[in-house]
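A.B. asks: Here's the letter readout for the chains.
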Amino acid sequence: MSKENEELGYMTSVSRPIKGCAGDTGEWRVFRPVKDAEKCNNCLLCWVFCPEACIDKEELEVDYQYCKGCGICAVECPTGAMTMIKEEKR
Amino acid sequence: MRLLETGNHMVAYAANSAHVEVVPAYPITPQTQIIEEIADLIARGEMDAEYIPVESEHSACAALVSASLTGARAFSATSSHGLAYMHEMLHYAAGIRVPVVMANVNRALGPGWNIWCDHQDSISQRDTGWLQVYVASHQEAVDTVIQAYKITEDSSVLVPMMINLDAFVISHTYMDADIPGREEVDSFLPAYKPLWRLDPRKPVTHGSVVYPVDFSETRQSIQIGHDNARGVIKSVAAEFKDVFGRWHGELVEPYLMDDAQFAIVAMGSMAAEAKVAVNALRRQGRKVGLLRVRFFRPFPNDELRELCAGLEGLMVIDRDYSYGNTGALFTEVKAALYGHVDAKATNLIVGIGGRDVTHQMIEEMTIKSWAGEMAEVTWGDSRMSPAHEVTTAILAEFGELFDKD
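As they're listed, the protein sequences go chains A and B.
Numbering follows my numbering, with no gaps: position 65 of the first sequence is 65.
Take any residue in the second sequence, note its place counting from 1, add 90, and you have its number in my numbering.
Derived from the structure by calculation, the hints contain no laboratory data.
From the three backbone atoms N, C-alpha and C, an ideal C-beta is built for every residue, glycine too.
Check each hint, because a few of them may be wrong.
With the Cβ distance kept under 7 Å, some of the chain B side facing chain A (calculated, not the full set) [what the hints assert, rightly or not]:
id, residue
1, Arg-187
2, Thr-295
3, Val-299
4, Ser-311
I would like the entire structure built from these sequences, with the hints used as guidance.
C.D. replies: Printed below as a string of structure tokens:
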């Protein structure tokens, strides 16, 4: 077997988990989560539940480049600090 | 240890001898005895494995993949609609390259509801990327489970393997066979050493997005695994013979082919029945041989070209059908021979939904096929029965279709 075929034979979808490896997924968003800093008590539940790891643990800010707008953070937030706002047409 | 047991129980004992560590499974007739016996072995402390009772076959295959990705040796079993329900995850297992082994007890797909043997279930999973082997005896089922891990875990192969055994003919029938003990198997089958594994200390992603610019290579790699399996299947069969003294063939098991002028091609237990027909035809002076296709994937293209060279004709027996064309084995055999062997070929469709396939019928149809008296594709024993007449009577009540007045 050629060297190239030998290497090809091991090709799978194994990759390194890096930021943005699936593209700018924020472009898909219909609703954006907006945080009300007054209501937020820093419980970190939004950070725990965000399936795309788009919420920063220190500042609890949303990374809108990758946030798909799924709204899980707004559902899980116990103080109602996250509100889903419809995106304007671009 | 020699035992008189059902084919299903023997598969369970073989999985134990092969040091299987995780068994996610969901019961379905006629596979249930396999996983019941594994659960019993674990409960009795005779098998050191984790049994995961999942809520569906789709989940069974998902857990099978996941268990293997952690570096464990994983096994499952299913049949028919269960296998069909796994379809998406079968692709996943091959795509993610896990060396898992699964027994599939060949059963028809409904409707009409039918729990008996045919090959439609596994043939329908032809293109999922799994190696597919069809066994013809209890002993071969046992030995193939043990060989399977040595084939799939070879680092040049790493594709999952489906071991197909015929419902009831093998699964529920009692036969005697030798079950090698765990210590005996240890000398043949080393512990599984994965190339990599899921490990929180070395986080990697697997199964994430692969864009068009990179995707094709991940599919070609599955084909390279299958191509490499051809050689590994042969070397593992030879090594198995050295250790255990038993031989079931490589990708194909040829029988009386050396001077044959005509060949029967078949898979599974029907091929064992066809041996009896070949013996009878030989006694009549007809030089007929048998090609028992063991591996449907990878398909034995080179072997068939070599073994069929110079034949006057062949009859391919299918226990399945690819609707809109012909039996699946027939299509594959013809594709393999095209441009290499110019022999007349016919296709016998029999044994569908567990109807009995007798050596007398195989013998009779072989004579017809060789004499050019058989249609290219022949549904072996189709006829109208009293049950079928109920259908026509109901249709007549609803309309003019069968209204003879």
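A.B. asks: Does the CB of B/Arg-187 sit less than 7 Å away from some CB of chain A?
C.D. replies: holds, 5 Å
A.B. asks: Would the hint on B/Val-299 be counted as holding, given a Cβ-Cβ threshold of 7 Å to chain A?
C.D. replies: holds, 5 Å
A.B. asks: Report holds or violated for the interface hint on B/Ser-311, using the least CB-CB distance to chain A and a cut-off of 7 Å.
C.D. replies: holds, 4 Å
A.B. asks: Is the interface hint for B/Thr-295 satisfied, with its Cβ closer than 7 Å to some Cβ of chain A?
C.D. replies: holds, 5 Å
Violation of the numbered hints given earlier is absent; every hint is satisfied by the structure.
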